[in-house]
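Numbers in this note's numbering are just positions in the sequence shown, counted from 1, shifted up by 162.
Accuracy of the hints is not assured; some may be wrong.
[As the list claims (entries may be wrong)] 25 angstroms max Cα-Cα, derived SDA-like pairs, lysine to any residue:
#, residue 1, residue 2
1, Lys377, Asp357
2, Lys394, Ser222
3, Lys387, Lys211
4, Lys377, Ser296
5, Lys211, Gly423
6, Lys289, Gly346
7, Lys387, Thr408
8, Lys377, Thr361
9, Lys377, Gly273
10, Lys289, Asp260
11, Lys211, Asp349
12, Lys284, Gly346
13, Lys387, Ala399
14, Lys377, Gly319
15, Lys387, Ile245
16, Lys211, Lys394
17, Lys289, Ala399
18, Lys387, Lys305
19, Lys394, Pro369
20, Lys387, Gly341
[What the hints assert, rightly or not] Restraint ranges, calculated between C-beta atoms of paired labels, are given here:
#, residue 1, residue 2, range
21, Trp256, Gly223, 29 to 35 angstroms
22, Ala425, Asp267, 24 to 30 angstroms
23, Glu259, Gly347, 27 to 33 angstroms
24, Asn275, Arg427, 24 to 30 angstroms
25, Arg261, Lys305, 39 to 45 angstroms
26, Glu259, Lys310, 41 to 47 angstroms
27, Gly273, Gly339, 42 to 48 angstroms
Think of the hints as simulated: they come from the structure by calculation, not from any bench. The beta carbon of each residue, even a glycine, is placed where N, CA and C say it ideally should be.
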Amino acid sequence: MLPLLSRLSRNSRLAVCALPVVALLGVAALVPLPFAVAQPGTATDVLGKDSEGRPVISVSGVPTRETTGKLRMTTIVATGPSIDHRVGELADAWFREDRAVMPHDVVYPTGGNDEEIAEHNKGEMLKSQNSAVSAALGYLGDKGRGAKVDLHLADVGGPSAGLLFTLGIIDKIDGNGAGRDLTGGRDIAGTGTIDADGTVGQVGGVPLKIKGARKDGATVFLVPKAECSQAKTDLPAGMRLVPVSTLDGAVSALTELASPGGAGRVPSC
Numbered sequence: 163m164l165p166l167l168s169r170l171s172r173n174s175r176l177a178v179c180a181l182p183v184v185a186l187l188g189v190a191a192l193v194p195l196p197f198a199v200a201q202p203g204t205a206t207d208v209l210g211k212d213s214e215g216r217p218v219i220s221v222s223g224v225p226t227r228e229t230t231g232k233l234r235m236t237t238i239v240a241t242g243p244s245i246d247h248r249v250g251e252l253a254d255a256w257f258r259e260d261r262a263v264m265p266h267d268v269v270y271p272t273g274g275n276d277e278e279i280a281e282h283n284k285g286e287m288l289k290s291q292n293s294a295v296s297a298a299l300g301y302l303g304d305k306g307r308g309a310k311v312d313l314h315l316a317d318v319g320g321p322s323a324g325l326l327f328t329l330g331i332i333d334k335i336d337g338n339g340a341g342r343d344l345t346g347g348r349d350i351a352g353t354g355t356i357d358a359d360g361t362v363g364q365v366g367g368v369p370l371k372i373k374g375a376r377k378d379g380a381t382v383f384l385v386p387k388a389e390c391s392q393a394k395t396d397l398p399a400g401m402r403l404v405p406v407s408t409l410d411g412a413v414s415a416l417t418e419l420a421s422p423g424g425a426g427r428v429p430s431c
C-alpha cells in the first residue's frame with residue numbers, strides 16, 4: 163500500500179486517506195446515540211386547576227382563603243430511552259435555546275424502559291407530595307392542625323414540584339400570615355424538592371424550566387441556591403431569580419417581595 167501511495171500526488175493521497183474517516187462519519191450519522199432531548203414542559207399554577215379540571219390543592223378540616231396571583235411549578239419534557247436520536251437531530255437541538263441535549267443516565271439515572279421510568283417518576287411525585295404536606299403543616303403549626311390536604315396533578319412525575327406544592331398549601335391556609343397573599347398577586351414560578359423539615363433540594367433542567375415559566379407569564383423564579391449559576395444561563399428578559407435553600411427562606415423572600423420597598427432586600431442569583 164505504501165509504495166502505491168508514494169506514487170500518488172499529495173491531493174490524491176489525502177483523498178484516499180480521508181475515505182475511511184468519511185465512511186466512519188457516515189456510519190456515525192446513522193447510529194442511535196444514548197442522549198435525550200429535553201424542552202420546557204408545563205408551568206402549572208398549583209393555586210389553580212390541573213389539566214383534568216381538578217383543584218391542584220384541596221384543603222379540608224381548617225378554614226381556607228381565596229388567593230390571587232400564581233404559584234407555578236415547572237417541568238421539562240424529555241424524550242424517553244426508547245427514542246433513537248442520531249447525530250443530525252442532536253446537533254439541531256444543541257444549537258436551539260429551547261432545547262437541551264442530555265445523556266440518558268443523567269435524565270434517567272435509575273435506568274429501565276419507558277414504563278419503568280414512568281412508574282419510578284410517579285413514585286417520586288407521590289413522595290414529593292407527602293413531604294410537601296408534612297413541610298407545610300409543620301410550618302403552619304397550630305393553624306394547620308386538623309387540615310387534610312389532597313394534591314392532584316395529572317401527567318406529571320418526579321420530585322421537583324415539592325417546594326411549590328408546599329408554598330401553595332401555606333398560601334391557601336394562611337397566606338403571608340397577615341391576611342394577604344403569599345404571592346403578593348404576582349405570577350411566581352419555581353422548582354425544587356422539599357424535605358419534611360423544609361430543606362429545599364436541587365433538581366436539574368433549571369434553564370429550560372425558567373424559559374417555560376417566562377413564556378407563561380412568570381416574572382419571579384424561585385431556584386434552589388445550589389443551581390443559581392446554571393439558572394443564569396440564557397436568562398430571559400424580565401425574569402428575576404431568587405435563590406432559596408429552605409422553606410422559611412422561600413416564604414420570607416415572597417413576603418418581602420410583596421411588601422413596600424421589600425424587593426431590594428431580597429437576594430438574587
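Hint check results:
1. Lys377 to Asp357: Status violated; Cα separation ~29 angstroms.
2. Lys394 to Ser222: Measuring from Cα to Cα gives roughly 39 angstroms; hence the hint is violated.
3. Lys387 to Lys211: Distance ~28 angstroms between lysine 387 and lysine 211 Cα, so the pair is violated.
4. Lys377 to Ser296: Given pair lysine 377, serine 296 is violated - Cα atoms ~31 angstroms apart, limit 25 angstroms.
5. Lys211 to Gly423: 32 angstroms, violated
6. Lys289 to Gly346: Not satisfied, since the Cα-Cα distance of roughly 29 angstroms exceeds 25 angstroms.
7. Lys387 to Thr408: 9 angstroms, holds
8. Lys377 to Thr361: Roughly 28 angstroms separates the two Cα atoms, so the pair is violated.
9. Lys377 to Gly273: The given pair, whose Cα atoms are some 32 angstroms apart, is violated under the 25 angstroms limit.
10. Lys289 to Asp260: Not OK: lysine 289 and aspartate 260 at ~29 angstroms, beyond 25 angstroms, violated.
11. Lys211 to Asp349: The given pair, whose Cα atoms are some 15 angstroms apart, holds under the 25 angstroms limit.
12. Lys284 to Gly346: 32 angstroms, violated
13. Lys387 to Ala399: Holds, at roughly 20 angstroms.
14. Lys377 to Gly319: Holds, because 22 angstroms separates the two Cα atoms, which is no more than 25 angstroms.
15. Lys387 to Ile245: 33 angstroms, violated
16. Lys211 to Lys394: 30 angstroms, violated
17. Lys289 to Ala399: 34 angstroms, violated
18. Lys387 to Lys305: 29 angstroms, violated
19. Lys394 to Pro369: 7 angstroms, holds
20. Lys387 to Gly341: Given pair lysine 387, glycine 341 is violated - Cα atoms ~29 angstroms apart, limit 25 angstroms.
21. Trp256 to Gly223: 29 to 35 angstroms: Roughly 51 angstroms apart at Cβ, these two residues miss the hinted range, so it is violated.
22. Ala425 to Asp267: 24 to 30 angstroms: 40 angstroms, violated
23. Glu259 to Gly347: 27 to 33 angstroms: 30 angstroms, holds
24. Asn275 to Arg427: 24 to 30 angstroms: This hint is violated: roughly 49 angstroms between Cβ atoms.
25. Arg261 to Lys305: 39 to 45 angstroms: Given a distance of about 44 angstroms, which is inside 39 to 45 angstroms, the answer is holds.
26. Glu259 to Lys310: 41 to 47 angstroms: Between glutamate 259 and lysine 310, where Cβ atoms are some 43 angstroms apart, the hint holds.
27. Gly273 to Gly339: 42 to 48 angstroms: Cβ of glycine 273 to Cβ of glycine 339: about 44 angstroms, so the range 42 to 48 angstroms holds.
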